[in-house]
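Q: Please construct the entire structure, taking both the sequences and the accompanying hints into account.
Quick note on our numbering: the sequence shown kicks off at 4 and runs consecutively.
It is possible that part of the hints are untrue.
Below 25 Å or equal to it, Euclidean Cα-Cα: the simulated SDA-like pairs (lysine to any residue) are [as the list claims (entries may be wrong)]:
no. : residue 1 : residue 2
1   : Lys9      : Ser197
2   : Lys183    : Ile199
3   : Lys183    : Glu163
4   : Lys183    : Ile200
5   : Lys9      : Phe32
6   : Lys183    : Ser56
7   : Lys183    : Ile128
8   : Lys9      : Ile22
9   : Lys9      : Leu36
10  : Lys183    : Val205
11  : Lys9      : Pro193
To be clear, the hints were calculated from the coordinates, so they are not data collected in a lab.
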Amino acid sequence: MLIVRKFLRDVAAVLGFVIICVVIGIAIFGPFLLPHPDLVFDSDILRRFEPPSAEFWFGTDNLGRDIFSRVIIGTRGALMVALTVVAIAIAIGVPLGIYAGYTTGWPAEVIMRVTDVFLAVPQLILALAIAQLAGRGLGSAMAALALTYWPFFCRTVYAETRRLRHTVFIEALQGLGASKTRILFVHVLPNVASPIIVRATVGMGFTILTTALLGFLGVGATPPNPDWGLAIAESREYLPDVWWAATFPGLAILITVLGFNLFGDGLRDLIDPKLRRSRS
4 MLIVRKFLRD VAAVLGFVII CVVIGIAIFG PFLLPHPDLV FDSDILRRFE
54 PPSAEFWFGT DNLGRDIFSR VIIGTRGALM VALTVVAIAI AIGVPLGIYA
104 GYTTGWPAEV IMRVTDVFLA VPQLILALAI AQLAGRGLGS AMAALALTYW
154 PFFCRTVYAE TRRLRHTVFI EALQGLGASK TRILFVHVLP NVASPIIVRA
204 TVGMGFTILT TALLGFLGVG ATPPNPDWGL AIAESREYLP DVWWAATFPG
254 LAILITVLGF NLFGDGLRDL IDPKLRRSRS
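A: So, in structure tokens, the structure goes:
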């Protein structure tokens with residue numbers, strides 16, 4: 004309850020949590036409440052470029068598709084992509100980080116040097132290069148993002164594991180003859196779960212933003228998928244006259260990423276006592 008009260012005092016974090024809940028609600032229930040489900044993938048040239056109105060809340064795009072319905076459907080896709088990418092990055096980075104942080108020798112050194120190489124290159128540039136080599140498509144974009152995001156989890160878990168390696172309770176477990184596997188995954192992993200959760204929360208927002216950017220650059224989702232970044236790319240040649248075609252997908256990206264970032268920052272401040280003291 005003390006943690007909950009501390010969290011509720013952080014207005015920005017609470018706002019981020021509310022935004023995330025609303026976005027998840029839209030992703031789950033939104034597809035069942037679409038005003039124009041027939042105009043999500045199918046086009047109607049006679050209705051192209053209609054401005055926002057009572058009939059089309061967000062207007063229509065260059066093919067006469069309902070932008071509001073496509074933004075709603077795109078919410079589910081954005082969350083699924085982010086969850087998949089972050090889950091794969093955790094599955095790769097966390098075990099490697101724990102192993103490298105607890106052991107010594109050349110395998111741990113190789114893991115951390117490979118991690119350093121990935122971290123030395125900006126993630127967006129590396130992901131763009133991998134996506135280009137893999138070919139256009141949402142699957143290629145997801146694989147590129149996962150392959151470039153796991154080093155962040157590896158480095159975070161490595162640092163926490165190195166800190167825990169020489170603590171009293173770990174040395175006691177070693178003295179009692181506990182196996183390395185048991186120590187790492189039963190005792191060390193729960194103690195490094197907090198920074199993993201924080202990194203994953205912030206990573207959700209960053210992945211949504213980067214996926215949209217890859218779609219905008221033409222190496223992510225392909226038409227006629229209702230991808231936010233792709234929607235902005237398809238509407239840019241009609242700006243500024245058809246402003247609504249890019250504005251509403253852009254706002255969806257902005258609000259969703261803002262929600263995850265605010266919530267992640269709140270969790271970080273709540274979990275890290277040193278950071279809380281420095282800001283008080």
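Q: Each hint should be assessed against the structure and marked as holding or not.
A: Status of the hints after comparison with the structure:
Taking the CA atoms of lysine 9 and serine 197, the gap is about 16 Å. The hint holds against a cut of 25 Å. Distance check on the hinted pair: lysine 183 and isoleucine 199 sit about 21 Å apart at the alpha-carbon level, within 25 Å; holds. For the proposed pair lysine 183 and glutamate 163, the alpha carbon gap of about 17 Å is at most 25 Å, so the pair holds. Annotation: proposed proximity of lysine 183 to isoleucine 200 holds, straight-line Cα distance about 24 Å (limit 25 Å).
Of the supplied pair hints, the one linking lysine 9 and phenylalanine 32 is violated, its CA atoms being roughly 31 Å apart against a limit of 25 Å. Under the criterion of a C-alpha separation no larger than 25 Å, the hint pairing lysine 183 with serine 56 is inconsistent with the structure, at around 63 Å. Restraint check for lysine 183 and isoleucine 128: not satisfied, since their Cα atoms lie roughly 37 Å apart, outside the 25 Å limit. Among the hinted pairs, lysine 9 with isoleucine 22 is consistent with the structure: their alpha-carbon atoms are about 19 Å apart, no more than 25 Å.
Of the pairs offered as hints, the one joining lysine 9 and leucine 36 is violated, with about 36 Å between alpha carbons and a cut-off of 25 Å exceeded. A C-alpha spacing of about 31 Å is found between lysine 183 and valine 205, which places the hinted pair above 25 Å, so the restraint is violated. Annotation: proposed proximity of lysine 9 to proline 193 holds, straight-line Cα distance about 22 Å (limit 25 Å).
Checked against the numbered hints above, the structure violates hints 5, 6, 7, 9 and 10; every other hint is satisfied.
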